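Engineer: Sequence:
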Amino acid sequence: MAHAQQTVTVQRPVDDVFAYLADGTNNRRWRDGVLEIERVSGDGGVGTTYRQVLKGPGGRRIEGDYRVTAYEEPRLLGFEVVAGPVRPVGRYELAADGAQVTTLTFTLDAQPKGIMKLMGGMIAKQMQGEVSHLADLKRDLEAGGGRG
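Convert by adding 4 to the 1-based position in the sequence shown; the result is the number in my numbering.
It should be emphasised that the hints constitute simulated quantities derived from the structure, not laboratory data. None of the values given here were measured: they were computed from a predicted structure. Cβ coordinates follow ideal geometry from the N, Cα and C atoms, glycine included. Mixed in with the good hints, there may be bad ones.
[Stated by the list, open to error] Using C-beta positions, here's what the derived DEER-type ranges look like:
#1 Gly102 <-> Arg65: 23 to 33 Å
#2 Arg64 <-> Val105: 31 to 41 Å
#3 Gly62 <-> Gln104: 36 to 46 Å
#4 Gly102 <-> Gly62: 39 to 49 Å
#5 Gln104 <-> Pro61: 37 to 47 Å
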């Protein structure tokens, strides 16, 4: 199983950070590999689905649609990728550290199947790259992203 995890401290209230993450259309603001994203069903809670196109190897466009699997405002947001060659499950765990500070942990896990098992090392490296984008989320939120 491939696993990646990253934690950051964001100088914003936990409710703001959760709301930003729960709106999947914000992914383009902090994940440079997201080319397109739109909500296609649901109201943001469990079962909400997003159509997502990602930048793949060699600049190839790949599907990365996902569905929200856990929504416990403001402490937990979970999802599963439902389209694409690798289908990780992920979760954002949030904790208030005072009124204006949030500790955020992003975890991704994937169980490659079939021929994708041969690419386990590359998949783990890509997943680590994904969770490392939390630094970009932190910058965007602390600069005022996600307000109003």
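Engineer: Range hint 23 to 33 Å: satisfied by the CB atoms of Gly102 and Arg65?
Structural biologist: Given range 23 to 33 Å: violated, Cβ gap about 42 Å.
Engineer: So does Gln104 sit 37 to 47 Å from Pro61, Cβ to Cβ?
Structural biologist: 40 Å, holds
Engineer: Against the range 39 to 49 Å, how does the distance between the Cβ atoms of Gly102 and Gly62 compare: consistent or not?
Structural biologist: 45 Å, holds
Engineer: Is 31 to 41 Å respected by the C-beta to C-beta distance linking Arg64 and Val105?
Structural biologist: 39 Å, holds
Engineer: Within 36 to 46 Å or not, the Cβ separation of Gly62 and Gln104?
Structural biologist: Given a distance of about 43 Å, which is inside 36 to 46 Å, the answer is holds.
Violated hints amount to a single one, hint 1; each of the other numbered hints is respected by the structure.
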